[in-house]
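Produce the entire structure from the sequences given, and follow the hints as far as they go.
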Amino acid sequence: NIQILKGMPASQLDPAMDVMAAALGVGCAHCHVQGPPQGPWPMEKDDKQAKRTARKMITMMQKINRDFFGGEQVVTCATCHNGHTEPATLPPMEPRKHEAGAAEEAKPPALTVKQVLDKWLSASGGAAAWAKQRTRVGKGTLAGFGPAPQPLEVVQAAPDHWKITVTGGRGTITQAWKDGAGWRSFGPRTTPIEGDDAVETRREAQFAPPVTLPKLLEGLKVAADAPLPKGNAHVLEGRQGAMRVRLYFDAATGLLARILSLSPTPVGDLPHQTDYEDYRAVDGVKLPFVDRESRGGHEFTQTYTEIKANVPVDEAQFAMPAAPPPPTPAK
395 NIQILKGMPA SQLDPAMDVM AAALGVGCAH CHVQGPPQGP WPMEKDDKQA
445 KRTARKMITM MQKINRDFFG GEQVVTCATC HNGHTEPATL PPMEPRKHEA
495 GAAEEAKPPA LTVKQVLDKW LSASGGAAAW AKQRTRVGKG TLAGFGPAPQ
545 PLEVVQAAPD HWKITVTGGR GTITQAWKDG AGWRSFGPRT TPIEGDDAVE
595 TRREAQFAPP VTLPKLLEGL KVAADAPLPK GNAHVLEGRQ GAMRVRLYFD
645 AATGLLARIL SLSPTPVGDL PHQTDYEDYR AVDGVKLPFV DRESRGGHEF
695 TQTYTEIKAN VPVDEAQFAM PAAPPPPTPA K
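Numbering follows our numbering, in which position 226 of the sequence shown is assigned residue number 620; successive positions increment by one, without gaps.
One or more of the hints may lead you astray.
[Said to hold, decoys possible] In silico DSS-like cross-links for lysine-lysine, where the CA-CA straight-line distance does not exceed 27 Å: (1) Lys400 - Lys457; (2) Lys572 - Lys624; (3) Lys508 - Lys615; (4) Lys526 - Lys609; (5) Lys680 - Lys513; (6) Lys457 - Lys439; (7) Lys513 - Lys624; (8) Lys526 - Lys513; (9) Lys533 - Lys400; (10) Lys508 - Lys533; (11) Lys513 - Lys609; (12) Lys442 - Lys457; (13) Lys615 - Lys680; (14) Lys450 - Lys439; (15) Lys572 - Lys680; (16) Lys526 - Lys572; (17) Lys680 - Lys624; (18) Lys508 - Lys680; (19) Lys702 - Lys513; (20) Lys400 - Lys450; (21) Lys508 - Lys400; (22) Lys445 - Lys572; (23) Lys572 - Lys609; (24) Lys445 - Lys457; (25) Lys609 - Lys702; (26) Lys439 - Lys508; (27) Lys609 - Lys680; (28) Lys508 - Lys526; (29) Lys533 - Lys680; (30) Lys439 - Lys400; (31) Lys526 - Lys624; (32) Lys513 - Lys615; (33) Lys526 - Lys400; (34) Lys702 - Lys680; (35) Lys400 - Lys442.
[Said to hold, decoys possible] What follows is a list of derived Cβ distance ranges for each label pair: (36) Met487 - Gly678: 35 to 45 Å; (37) Pro431 - Glu693: 44 to 54 Å; (38) Arg449 - Ala522: 52 to 62 Å; (39) Ala504 - Gly581: 27 to 37 Å; (40) Asn626 - Glu693: 15 to 25 Å.
Keep in mind that the hints were calculated from the coordinates and are not lab data.
Cβ atoms here follow ideal geometry from the backbone N, Cα and C, with glycine treated the same way.
So, in structure tokens, the structure goes:
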């Protein structure tokens, strides 16, 4: 029952919904009629006023961008809502504090792209150490997917074969990548990974990121330094297809501390941020044992209890399962 965003690629539907949910600080049930706990939601229903209002707001946003910004996506849902269901209509009562010299401090560091990347490679163990590893298996938990952390397993093989399995109360969810294509399964249903999800999964699947990740990004350049929760970061930015990607490197250690990607959707860019913490040495290379992700108002944390390198891995598990044969018609 799509009425306004006609012609949008199917792969952009969920990201567009995530942008609107995060911009208003709400969940799917704010606009959509909920279905049973174990069944699909009736997404086509227009029973809720919020859904009907959302169509008007999207139309208004499109008109503003078309009439005043030459069709560029300057105004988005977040422009007015900024994380609230109702836009603010009054100016703030307290004057905004201005830090003198803040603009002058935001200057690009006196480093080149090569220097930042070379420091990352060296700090993480060096090219020789990465070359010695061919497989990797990590086990731990995923928090944020349900009421309690769920067991997870990540299996990798060089250069970019990757599979994550999360076992929850509602079933097992699997995502995988091999040879330029990915798939995901939940229960009996298996579907290909498409659109920007495929772009991000390819980046996630890199077995030796300091060696191969920079090759995926076009136009890498040095941006202004940025603060981290602890310390400062040197920032590189580039593009992976239509997606803008920023890499944040801890200025003290040289290790990758954060990746921020901005995926375009018809209602604004969808930010996806991953912070990497608790680096530990695994057979000569340093790997993060905690990944914190934030995407579309949802937060997830992967915490690894063990990561082992160069263990036997069955390559067949990365391939997309064959579709089950159709049922035999009853005679």
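Of the hints stated earlier, which fail here?
The structure conflicts with hints 2, 9, 10, 21, 22, 26, 31, 33, 36, 37, 39, although it agrees with all the remaining ones.
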